[in-house]
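J.: Chains A and B, in that order, are what the protein sequence lines are.
Position 280 (the first sequence) corresponds to 280 in my numbering; numbering is contiguous.
Just add 357 to the spot in the second sequence (first one is 1) and you have my numbering.
Fair warning: there could be bad hints in the mix.
Which stretches of chain B does chain A cover? Using the computed rule of at least three CB atoms under 8 angstroms from a CB of chain A, they are [to be verified]:
| # | region |
| --- | --- |
| 1 | 541-550 |
| 2 | 575-585 |
| 3 | 597-609 |
| 4 | 638-647 |
One side only, chain B facing chain A, incomplete, derived with CB under 8 angstroms [said to hold, decoys possible]:
| # | residue |
| --- | --- |
| 5 | Gly531 |
| 6 | Val533 |
| 7 | Gly615 |
| 8 | Lys619 |
Just so you know, these hints were derived from the structure itself, not from any lab.
Think of the CB as a built atom: it goes at the ideal place given N, C-alpha and C, for glycine as much as any other residue.
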Amino acid sequence: MLPAAFAAGCAGHRPEELLGSAMVTASVGDISGNHGIFVATTRKRSDDPSKVFDGERSATLSFARVNVTVPKSHEAGKIERKRRVSSNDPSKYFMASEVAGYGDETKFLLAVNADTAARGGRVMVFVHGYNTGFDDAVYRLTQIVHDSGYPGTPLLFSWASGASTTGYVYDKESAAAARDQLEETLRLLTRGSARRIDIVAHSMGTWVTMEALRQLAIKGNPTLGGKLGDVVLASPDIDVDVFKSQMQRYGKPAKPFIVLLSDDDRALRLSGLIAGSQPRVGDYKDAAQDLTRYGVTVVDLSGAKAGDSLNHTKFADNPELVKLLGTRLREDDGYASDREVGDRIDAINRQIKAGLM
Amino acid sequence: MKTTIAIILFALLTGCGTAPTHDLLNTVAVDAPAADIAATHEIFVATTRQRAEKDRRQVFDGDRSPETSFARVDMTVPKLHEVGKIERAKGRAPSDPAKDFTARRVTFYRDAGVFEKAVGADIAKRGDRVLVFVHGFNNGFDDGVYRIAQIAHDTGYPGTPVLFSWASAGKVTGYVYDKESANAARDDLEETLKLLANTRAKSIDIIAHSMGTWVTMEALRQLAIEGNRDLGGKLGYVVLASPDIDVDVFKKQMIRYGRPGKPFGILLSGDDRALKLSSIISGSKPRVGDYGDAADLAQYGVTVFDLSNSKSSDRLNHAKFADNPFLVQLIGERLAVPAGLAPAEVDAEPIDTLGRGIGQTVDSMAEIVVTTPLRVLKIATGGE
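Please take these sequences and the hints and turn them into a complete structure.
T.: And the structure:
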């Protein structure tokens, strides 16, 4: 039904294999990082153990941890993934080496707590976008953590995107079905040792995120008891009118949400088209004038280069931007003043204009 | 203060006029003898649509407004009206009140406060009950007004009809646009329900159709999150007709809402062609309105009425609740008793009585399979 370019969407690798069958051993010197990614997901366990979780929806949350190694040869912004025929070689590719499942949320929280306590009391929740398999999401978060140098605990919230098998509206329904579970995950984290919870969401994942924050606000807990840190919404695949209504319901955030957008975003152009030629937040040309009054800071990445032709994932696949994201997230826990934020954004915009990104 | 526009006059457009139009008002007043009019219904309106500036006969169009607007439309129903039908003028021809449903007058209210007073006065006058209707996908403002007028008329609802009209583009191609408009309207529906709960209404009933069931479930869900799931005890019947909601999403909504005090009524039909299409574009997953497993839904605290064996006057089989003469009157009979006084469980008896009483043609034959949270009943009745 949908144009092929769109169906190809955010992720390119098939099949959705996460665990290799026979791991090639690599010497420690060939590995530049080993990241423990915690996972809360509304996906079903896959019958194919190499996929771990698939695109079907589960009624309840599952919890896991995946260890992923990053090869020495890794270039910032890229995800080096093995091709179907090549060997599971950690010296060349991102490789998931181990998956641990947790029987219930208590056991999961215990494990997350231990990790967070050792990492300065911070957690980053990543919510992936449309047309993203479980494997795509795990690798993307690994790359973000690796390239940004994020010091805290990375937690992937993975909703049941059908990846290539189904389509846009299936994903939208999966996203709607996952709202309460994202809220539950965030509330679970507030019961742990995290002092501060940052959220980075991409594409349709920004919709799930905004919905979860909105209902937390309706409940009277918009800041997760003061633990909510940065909220970064990258290439939001949300109708502009819907986004405004969400922000209105949420209220002006104490700390402005950061919206990263790009008017050359081809994936969102198609979303906008199928939604009746209405703009999406992620490619909205008047965002800076029209959205800031709702309490968001708009960063326009239109001039920055992307690692793929869709220009939909610049925040992570542009090597400079992903480092900048790290700088932003590493900043001290105090609230930066508006002037500081403004200065940094001006600096980013200057760099983009100068062609440095 | 309110602005009253009795009849708005405009230049008649020439042209063939076979394309679907969304005219509500006549350009010139057309009179008809009082004897040809069956009734006048005052339809109160809360809407997230923009005022129609380009084509003012539509009154409100398919564009979204960031605010809720309030109005009242006075609709006449002709004497020759047949139950289940909406007699409408063809193309862009003026409505003849002797033959067609006709909007005689539109009243605009400046703000929510003025509206609350006006609707509150009507509610007090008509027995302290309100029926909120939320229309579906691919509906112009006119479609929603005509439909609620027909429902109010054919059910004989003993209270005030309120249309909640969200910004559906009124185009078959506008599915995702409509879905976004529905999302943008959630808070407005919630506000409208709260406004009605502020009046002296004792019971607020809701009938929602198609994609309107999504807006309704979302509004009820967020009321529940706020701790006000039954509108301070005023929520009456909730009837979800042909719900265009993904089954998994609906279950999540019901879990969040919690088991309703009085089971929501779900009307579904296995031969719903409109929903087959929704289901295909959402990855071949079932929609609630054409879902085959009633017991799976009933466990969440809803009563499922399977209308698969009832006929529809429309080949899409998507609006049986209103266009099947037997069914719409059956709903009327059910709604006649306020929710608070109705028996907790559906029983088969009154349905049979009603079936004998209507004397409709064989077209209104209906066999309904009712699945409550506790049991399954099969009821064959209607017509002959």
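J.: Evaluate each hint against the coordinates.
T.: How the hints compare with the structure:
| no. | hint | result |
| --- | --- | --- |
| 1 | 541-550 | holds (count 3) |
| 2 | 575-585 | holds (count 3) |
| 3 | 597-609 | holds (count 5) |
| 4 | 638-647 | holds (count 5) |
| 5 | Gly531 | 5 angstroms, holds |
| 6 | Val533 | 4 angstroms, holds |
| 7 | Gly615 | 12 angstroms, violated |
| 8 | Lys619 | 23 angstroms, violated |
Violated hints, in rising order: 7, 8; the structure is consistent with all others.
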